[in-house]
Every structure is written in C-alpha cells, then in structure tokens.
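First to last, the sequence lines map onto chains E, D and P. Counting along the first sequence from 1, when you hit position 235 you're at 234 in numbering that gives the first Met the number 0, and nothing is skipped either side. Counting along the second sequence from 1, when you hit position 94 you're at 93 in numbering that gives the first Met the number 0, and nothing is skipped either side. Counting along the third sequence from 1, when you hit position 151 you're at 150 in numbering that gives the first Met the number 0, and nothing is skipped either side.
Calculated directly from the structure, the hints in this document are not laboratory data. Bear in mind that the values here come from a model prediction, so they are computed numbers and not experimental data. Here a beta-carbon is modelled for each residue, glycine too, at the ideal position from N, C-alpha and C. Some clues are possibly wrong.
Stated by the list, open to error - In silico DSS-like pairs for lysine-lysine, Cα to Cα no more than 27 Å straight-line:
| hint | chain 1 | residue 1 | chain 2 | residue 2 |
| --- | --- | --- | --- | --- |
| 1 | D | K31 | P | K333 |
| 2 | P | K172 | P | K241 |
| 3 | E | K31 | E | K241 |
| 4 | E | K172 | E | K93 |
| 5 | D | K241 | D | K31 |
| 6 | P | K172 | E | K333 |
| 7 | E | K31 | D | K31 |
Unchecked claim - Partial pick of chain P residues on the chain D-facing surface, computed with a CB cut under 10 Å:
| hint | residue |
| --- | --- |
| 8 | H69 |
| 9 | E96 |
| 10 | V104 |
| 11 | S245 |
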Amino acid sequence: MSEKPPIAHLIRLHDLPEQDVDDLLDLSSRIKRRPGGFQLNGKSVGMLFFRGSLRTRASFEAAMQQLGGHSINLNASSDFWELETTVGGRMDGKSPEHVKDAAAVLSRYVNVLAIRPALGGQSWAIDRRDEDIQSWARYAEVPVINMESALWHPLQSLADLLTLRETLGPLRKKKLAIVWTNSPTPASSAVTNSLLLSAARAGMDVRVAHPSGYELDDEVLSSAAHIAEIAGTTVETGLSAKDAVSGAHVVYARSWQGIEDYGNPTLSASRRARERGWMIDEALMRQGADAKLMHAMPVRRNLEVTDEVFDGARSLIYAQAENRLHTQKAVLVKFNRT
Amino acid sequence: MSEKPPIAHLIRLHDLPEQDVDDLLDLSSRIKRRPGGFQLNGKSVGMLFFRGSLRTRASFEAAMQQLGGHSINLNASSDFWELETTVGGRMDGKSPEHVKDAAAVLSRYVNVLAIRPALGGQSWAIDRRDEDIQSWARYAEVPVINMESALWHPLQSLADLLTLRETLGPLRKKKLAIVWTNSPTPASSAVTNSLLLSAARAGMDVRVAHPSGYELDDEVLSSAAHIAEIAGTTVETGLSAKDAVSGAHVVYARSWQGIEDYGNPTLSASRRARERGWMIDEALMRQGADAKLMHAMPVRRNLEVTDEVFDGARSLIYAQAENRLHTQKAVLVKFNRT
Amino acid sequence: MSEKPPIAHLIRLHDLPEQDVDDLLDLSSRIKRRPGGFQLNGKSVGMLFFRGSLRTRASFEAAMQQLGGHSINLNASSDFWELETTVGGRMDGKSPEHVKDAAAVLSRYVNVLAIRPALGGQSWAIDRRDEDIQSWARYAEVPVINMESALWHPLQSLADLLTLRETLGPLRKKKLAIVWTNSPTPASSAVTNSLLLSAARAGMDVRVAHPSGYELDDEVLSSAAHIAEIAGTTVETGLSAKDAVSGAHVVYARSWQGIEDYGNPTLSASRRARERGWMIDEALMRQGADAKLMHAMPVRRNLEVTDEVFDGARSLIYAQAENRLHTQKAVLVKFNRT
C-alpha cells in the first residue's frame, strides 16, 4: 500500500523548483495568447478573505470563471468567523472553530483553497511566523494558494516575473531597483520580500532603496543573499533612491511598514512624516537605463509616484495588473486536486 | 491607422438614440419569450456596489447567469475601499486608490462593469454632479452600466418602459401620473428623473404630483420640457395627487427626498410629518382611467400604497420587477466588450 | 381549468412523507457515487443569509455549482436589509420592505430560494414560532429550503441520516445518544430537534442527555414521543451522559441554549459555568457499543469533545460534513421550479 503523495501548495514562490516557476510563466504566456485553451470545467476554488481585496479577488475569480470553473467566496467579516490555530488547547475563547476542521471540511467541497489570512498588525515577531497560512497548508487536503500573507505574496511575484520577462527578455544581469515610497497606509513587506527573492533567483541584480528604519526582515535578507550567491548575482539594500535607480532597467515602487514601528501607529506616522521625499518622479527615473516603472497597486498618486510617471510611457502598471489574471490561470491549472 | 471608437456606456437612458431604446425594448421582449436564445458564454460582468441592493443585484446577477456568463460581485464595505475621483491631487487622504486605476485594471478582467455609486447624502449640489459614475465611464475600457446614480436609473426606466408597453400598447398620448409618496426612507429622485424623461420621449403625457418642497431638479425639469416639446407631448409638475391621477392610465408611486432638506434629516422628518396624506389608495386610483399601479420597490405598505391597491388587480408591481430581469439581459447583450 | 399544485418546500424534514426522505437519501448516495450524473444547467438558487455561515454556505454553493447551476448569495448585513413580516401593518418602522414582496420578486429571478433566517435571540416564545421561514414559504412562488431556523435544520438531519445509514446499515433498533456539550457560544436547538424526530422516525432508540435547565422544547418532545410511538421505538430525555451513552452505537455531541435563560446572557453564562463536566472524552465513549462520534460543527475542541476522540477512529465528523454536499445536491434536484 502506497502513501499518499504530499499535496503541492503555493505558499512561497521560492519553495518551488526553479524549473516549475519557469513552467508556470511559460504556461501563463500561452494562456495569455490563447485564453480559451485550458479548461477547469466543474472545478471550484474556495476563496477565503480575512482581509479586503480588490485586484486579487476580482482577478482570481475572473481567472477561474474564464477557465470554466467556479469560485466560492467567503469573507471572514460577513460570512463566518475567526478560526483558532493553537494546537491542543481548550477552545473556550472567541474562535468557535479550529482551522484544522474548517480546512478539512472545505477540502471536501472544493478542488483548491485560496487564502488571504488576517494580519495581527501588533507585532512583527508574531506576524512574520505566517502561522495562519501555514496552518491552512498543514490541514487542507487540497492545494492551498497564498493570496498574500505577512511575509509572502507569490501570486504578485509571478505576475511581476511575467511582466519583467515580457519587457526585458532574459532577466539575467538586468538591473531591478525596488524603491520604498511614502504612504499613510503602507502594506506589509510581502510583495517586496517575494519580489526580492524571485528576481534574484532569476539572475537579476537587485538594489533596494529605503529610508533608515525601513530595513527588511533579517531572515528574508539572508535568504536573498543566499539565493543571489547561487544565482551568481547581487542583492544590495539600504541604498538611496538615486543610487538604486542609477542604471536600472526597471524601478519597482512599493511602500512597506517599518519593522521597528510595526504596531505603533503614532511612531509610524511621525517617522513617515520625515520621509516625504520618497516619491518617484521623472527626474529620478531618468537616472535609470530607459527605466520602466512597476507597482503592485493600489497606488497613491502624487505621493508615491507622480502622475507624469505613472501615466507616462515608462509605466508598466496596467500590463502588470493584467498579468495577475494570466498567471493566476496558470496557477489554477497546476494547483488543483484532480 | 484608425482611432479606437468610443466605448458605449449606459449612464443615462436619454443619451441613447430613441431607436436604440426601442431596439433594447424589442430585444427584451424577445428574450422574455425565449430566455435561452442569447448567449454570453465565458463573458463576465464586474458588479461594484457602493450602496446596498436586493432587486438590482439579484436580477442583474440572474440575468448574466441565465445568459451563460458570470458576475463578479464587489462590495465597497466588505471587499475593498473608497476610491479617489479628484484629478491630479496628492493622495494622502483616506482613499488608497484612484477610480482611474481601479477602472483600468478591472477593465482587463471583465467584459462590462456595472456600478452603483455611493451617495454623499450631504449636498444635492454635489451629489447631482454624478461624479463617481462619470469617472467610471471616463476611465473604464469596457462599457459601464449605471445601476442607479444620484440623478439617473436607466435600468429601472427600461423595465418601466417595457411594462408600460406591455400594458398600454403604443404609449403616444397615454397618460402617466407620477405621485410622490410618504416614506421615512425616501430614495433619491433618480427613478423619477429617468422615468420622466423616458416617458415624455415615448410621447406620454406626464403629470407629476408632489407636496410643496419636493420639486424636482431644475435641469431635469428643463430637459423634460425640451424632450416633451420635441415629442409633441406635455409634462406638468407640482400637481395635487388628485389632479395628476385624473384620467391617468398608469399611476407610478415613488418617494423621493426633497432638495431643500437634502442632507438635513431633522428638517426632512418634520416636513414629511406634515405630508402623511400622500398615500395611494383605491379612492385616488378611481380618479384614473382604469388606472394601473407601478412602483420601483421596495415599497412601504400602507404608508406609500394601501395593501388593497398594492395586492389588487390594478397592480403591475411584480410584473414590473420581473421585467428588470429581461431588460437587463438585453442591456448585457448590447453593452459588453466583444 | 386546474388549480396550480401547492409548492413543495423543505422547512421541516418530518413534514415529508417517510418514503420521500428515503428517496432523498437514496438519491444522495447515487450522487455521491457518481457526482457528474445529475444536471441543473441554467438553474439558479437564491441563497439569503440573515446570519453567518461557513459550512452551509460553502456546501450549498458547491452543490449547486457541481450540478451545473448557479447560486446568487445575498447577505442581509452587507447586501440588503431587514424585512417586515407583520401582515396589514403600516410600515413606518425600520424595515423598508415586506417579505411578501421580496419573496415574490426573487421567485421571478431564481428556481429555488434557500433561507437562513435571523434569530431574535431575546425570547424563545417568539423565536420558536419560526415566523420568518414560514413567511418565506407562504409568499415564495418557488420552493423554499430552510437553511436552519430557530427550531429546525432539515439539511443537517439529511446529512446525519445518510451518515448514520452508511455507518450502521439499517437504523431500526440502533441506539443513538444525543449529548449536550458545554460551549460559550451554544447554538439553537434546531439541529437537536430535527435529529431527534428524524432518528425516531427511522426507528432508532434515541436517548438525550443534558444538564437540568437544558430541556428541549415541549412541543418538540411531544412530536418526538408521538413519532416514536408510531415507529415502535423509544425516546428518552433528561438522562446523564453516562446513561445515555451506555450501549449506544452513535454519540452525537451538541451544545444548545437553555430555554429558561434564552436571551439572558448573564444567567446563561453562570449556569454553563456549573456544567464544565459536559465534555465527550474517551472514557465516556467506552460506555457505548463500539460507539462512533458525530457533531454538526463548528466544534470547540477540548471543551465539547477531546482531541483524542475528535481526531480518533471513532470520529465520523468529516464524513458527516462531506455528506452535507451530497444530500444538498439531492435536495436541489428534487426541490426546484422546473
């Protein structure tokens, strides 16, 4: 009697063999050219949102529908409830159900589960453990797709990689500048973290610019350095915007929360007030090598990026957002219980 | 090299050529007789609700599904966020995304966008500009359908026109009475405005009854007068209920907010308290010419209309609500990116 | 000219002839073996949730999708509003629409309506009337399916009966113990009530254990006694857990609210605090005859049931939850307007 093979989840993109990522991108391109060519008739994806979403939700649902399948959307706020993740405890608190049980049951109703977990937002030391998404992957009996946890956003990175390939051709030795931008509602560093590792593994030279106090997570940086070494490329962080963008082929704008002031809105706001200069404008872009602009959206115009750059010929933003649709179709084709 | 043709949106029904409205109604009737005859397989509509809805949401979603397509439902409260409409501003306020960007991105995921914008509810001078729905139409790259803005409700008017045609045959010179009714939760004047212009253009004699202080928007009244002149018919407003209903073939009950007390709930409530007599009952209906009753729903029974009239032989209410389904199918067939 | 036949609703399972319940279970088994064999292409179900749901919503929506149909989900909190049920009243209160009108209109858009009504939660004397679900059944022009009212949960009972049949074979003279369990968020007695009557009618010996103060509704108990008499079996209530489980083939754990402290959270909490011993553990289970465990979920682990029992070989929980999917497909096939 043979053991069941482990279920393939998509929690962090760099957990996949490099060849699998390339295959996903190739499949994405084929689907983009011929949208009708892949069918998931009768399959369904359960989408659980513990935080709001516009792009991810709309693109994921459209992807599934256009492949012939269905999505079941469950919103933690209006449709159900908080889930317990602690193992072995006496559940006499707020959560009426354990993620183990929710995952096991939903696995019997759908072919794949896509999860956007909540963020505690109080402590980076806690949130960085990504316990919720790990719990779903541990207990689900169908593939689990991470729709952005505290640390990782594999779906965004896939769309980013496809956009970079379409724009630059082979990525090896191409220069990517990731530049922190100012926003009153910074995201977690998930998009940045996933991009940093994905771009390095693809052989890009990656330079990250950010003000002091916005350093990325230590373990993420170690992983990035390790991956860069294997790929024979470089990752530099803590640069000024100008130094990072100099000679870059692509500038990726992103606002992320500082680890030191994580969970401290007052400190966070006062620090940010000192960094109003971190906006991408044409003068900065001219430091690059015919540099293009990317952004995972939503974008705060004229605060993160000027209208001139955002609406101009350098901008890949909408093409990048569209690629969410195509790459997520590829993910759904590859990650579902047959 | 040819320019892209402009995208056909459905924001106000009277922006369409008269022949196009007739064609939509003819198509609605054909679809009603043979529901299976029109297919939108693989197409999807993005429905964005910035305000609640029962009838519009259910009928629109059912329409798309029965045509073979899919709907993606996004609720501003639970699924995403407020959108910025100001052009060129520094976005450091509450809204994390500009409608320009949301519209551009969603246009890449779906074939048509249906929007129910929020109402400010504070100032009629501001709300009457219909800025949100205009912004969606300006920036979307697929057809935009107005699911009721502050000023206009084209989908309701289409269902109203179909119901009127089914009941009265040719509409020219038929008499329509629109009668204000009392409700603690009055709607905007959108349904009334759209009906006034649509019925006049169809050649109906339209009489509007309302208490003093509930006059319709000046520009709407000018447009109505202009349209009536072209159509060789008449529009009268400010009548008593009895004068309006006298000889009418159809009585259309509707509660709308007064412009003078718009955004002032205290004044609004005290004024309304003086107008408790504005309820449609059998005695009033007998002033008409075998008059039928219409209402866009939801209806407050025995406050706006007596049960006797609402549940009696005069009532077209449910047929009218059903026609939302058939007319919206026609709209979806005509307004989608091919 | 013939009268229209009455519409078949599913409000209480024991309103169906016994043969119909058996047929539903047989159909469920066939669908479970061959999921692709039954089609509801182009049909749609309107699902209205006036309370949250995870399992019911996901399994019902998946059931409809896998049969080729569509579901339209309406949430009372985010999508629409409270509905009036009083007949003939002047609707000048909070509810802007009568259930009569909502039911009539939605009946024109979909083939079947599935309703999870709100619970007042203040008075058992009021809630036990099940007025909301009765109103939907009275006014709808398509079949209405009860997705759990204050008194009854027919969909859960169907899944329970299928699970019992799969586990025990013929149910006659098999012993079922329903055991109250401690939870800070007890459910209504709907699951227990429906199971009690369904199991008795199937010929099972049913014993119910609960602390003093948690007696079931008098009329439910009368009906159960009456049904048991006809079926030639027995129903005993008010037992200790040990007495109920002794010799039982299946132990069904369920927490329900006491009638005496219904709507009184302070009294409810203080009573419950005295009953911490009401947890299912291995020692209790050993009193049965190779007893299996069932639970309608969500379950509070190590408060209602120990992990050891819940995750062990006795547990039928996940199979039971999966059977929601198969039995609801059978319900949708049988209860829809053709």
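List of violated hint numbers, smallest to largest: 3, 4, 5, 6, 7, 11
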